[in-house]
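Asks: In case you want the letters, here they are:
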Amino acid sequence: MVQLEDSQIAAGIAPHKVLGLGTPLPPTFNPPRYVDSTATAAKDAAGFGKEISRPYATIAFAVTDCPADTALVVLPGHTESVSAADAWKFKNSGVWVMGLGWGARRPTITFGTSTAAQIKLSKASTVLQNLLFVNSLDALVLPLLIGADDCAMLDFEYRENLGVQAVTTINISVGIDRCLLENFKILGDTAAPATSGIVVQQSNKDCVIRDFWIEGNYTDGCIDNNNVGVQRLMIIGGKGSYARNSNSNDQIINLSATATGFIAGPMALRLADNAANITESIVGAAMQIYASGAFEIGVVNADGEAALQWNGVKSTDA
Amino acid sequence: MFGHARRTYHVSSTHVAASDESGGGRLERPFASIRFAIGEVDADSVVFVHPAHIESVGADNWDWKNSGVWVRGLGWGDRRPTLTINAAKSISMKKTGCVMENLLFLCGVADQSVVVQVGGLPAQSDNALLNCEFRAIGGVRPTNYVQSFGDRSIVDGIKVLSDPAVANSAIGVRHNIGDQSVLRNFYFDSCHYQVNPGLAPSENVLGGDGSFIRAHPSQNRVIDPDSANAGFCTGPIAIRIDGGTIAETIKDSIGTGQDVSVWQIYHKGAQAILVSKADGEAGAFFNGGPPSTDA
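These protein sequence lines map, in sequence, to chains B and D. Take 1 as the starting number for the first sequence in my numbering and just add one per residue. Take 319 as the starting number for the second sequence in my numbering and just add one per residue.
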C-alpha cells in the first residue's frame, strides 16, 4: 500500500502559503486513493482506488467511496466529463482532491451536455487542488458551487472554449464560512456577456479570495456580492493579482453596501471603457481598501496606458 | 527540518485504539491527547496530530518533557486538530526549540491570562507557533491569546478572531521578556499587539507576505510597543481603526511623544503600512515617527 511519506510532506505536496490566514496541509497518514482514467485497470468499483496500479476511473465515483481526511490523488493525463448537476457527491468531509501534472497534463474536467452541469463541494473542508476545468457549453449556469464551510480551491484554472461563457463561474453559497480560493485563473470568453466570475452570497463569514487572474465579460463584476450579511471578506492580491472586465459596466469588485472586510493589492485591473471609471471599478461601501505601496492597486482603462492608482477617498489623520 | 526527526509519534482522539499510555504513539495505536504526548515523547521528535482530533484544555497545564518537539496538526479547515479551552490553564512551551503548527484553538474562558505561551524564561528559547488560528467562543475572550516569551521566539501565520462585542480589546500577541523575537504574517480581528509595558525586549513585527489588523472599537493603538524596544517594524500591514489618529496606531501607550524611539519603522513602498479609518475609505500611509534624514 502506497503511503505519503514525511519526505513528501517536507517537499511540499501542498502549497504552504503563509499569510496569517491559515495554511492548507493535506491529511497525510490515511492511505491515499488514486484516480486515473488512462490506466487500463481503472474501474469505478469498491476495492479499487487503493493502489496506483488499480485506480478509480473517475473522481465522481471516488468521492463517493473515499474515507474522510484522505488525499485523493488524480494522476496526470486524467480526463473526466461533468454533465449533470451535483455531479460529484462527496460522501465524507476532509477529502483533498489533489491533481498531479503541469499544463495540459493536469487532470482536466470538462463541463458539457447540460447547462446544469455542476460540481458542488457539499462536505466541509473539501479541497480541490491543481485541476483544469474547461467549459464547452454556452449559458452553462454555474459550474462550480461551494456549498459547505471551510472548503478550498487551490491552484486551479477554469477556461472556456471559444464563444461560450458560463453565467457565473463560481458561487460561494449562502451562509458558507471560511472558504478559500487561492492561486487560480478564470479565463472567461470576452465577447459573450456573463454575470459574474465569482459570486459571494449573503451571510458568509471569513472567506478569502487571493492570488487570482480573472478575465471575462461580466455585467455584475469579476467578483460580485449583491446581498447582505457578508462579514470579514478578504480579497487580497497576495503575491500579485490581475483582473480584466470586458463589459461596459467597468466593475472589477462589486460588493453590497453592507459587506465588511479587506480589499488589498497588489492588483492590476483593466477596464473596458476609457472613461471616468477608475474609482467605480471597486465598490464596497463598508469595506476598507488598501491600494498603495506594497498593496498597490493600479487601474488601466485604455490600451497602451500606464496604470493610475485606484483613487477612492483616503483616510485622513483627523 | 522535521523530516529528519529522531522519532515520529501520532495523536488521534478519533482512532479506535487511541490510548494515553507510555510506549504508545504509534500510527496503529496513537496517543489520545497532545497533552499526554508532549509529556512522553523523546527530544527532537515530531508529533503528528491527525485530522479531526479534538481535545479539551482545562484540567491541567501542558508540560513539555523534552526540547525540540514539533507538534504538527494535519488537515484543513474544520478538520484541523481542534483544542477547546474550557478552563484557565495555559499551554506553555517551556522548553527549547519546540514548535506547534496548524492547530485551531477555540477560546471559551473569559479573561484568561494567556492561552498559549511560546517559550518561558530567556533560556527557554527558540520556540515557534506556526499557522495556528484562535477564535473567541461563547461571548467571551481571553486577555492574551499568545504570549511570546524567551529569546528568538517566532509567531508566524497566526489568525486571531476575537470578539468585538466584549468590552475592551484583547491582545492577540504579547511580547514579554526575550530578545530577537518575531511576529510575522498575522491577521488580528478585534485585538492588537503589545509589548509587556516596562520591559525592553528586542522584538520585530513584520508584515511578511501581508498582514491585517481590524482593531477592536475601543483600541486604536493596534501595535503597542514599549518605548525602550529595539527592532524592526515593517509592512506590508493593512490596518483598520474606528477613530483616533493614524500616527498613533503604532505607539507606546504609556509613554509620551512618538515613543517608538528605539524601534525602526518602515512603512512605505514594499513595506507599506496603511491605515483606514472608516467604511469605504482607502488606507493612508502610517505617518508617525520622524523620518530619517541624511544629516
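None of these hints come from the bench; they were simulated from the model. Remember, it's a predicted structure, so these values are computed and weren't measured experimentally. Any given hint might turn out to be false.
As the list claims (entries may be wrong) - Reference excerpt, derived from the structure (chain B facing chain D, CB under 8 Å, subset only): (1) G77; (2) T79; (3) G147; (4) D149; (5) D317.
The C-beta atom is built at its ideal place from N, Cα and C for all residues, glycine as well.
Asks: What are the numbers of the hints that this structure violates, sorted from low to high?
Replies: Hints 1, 2 and 3 are the ones this structure does not satisfy, whereas the remaining hints hold.
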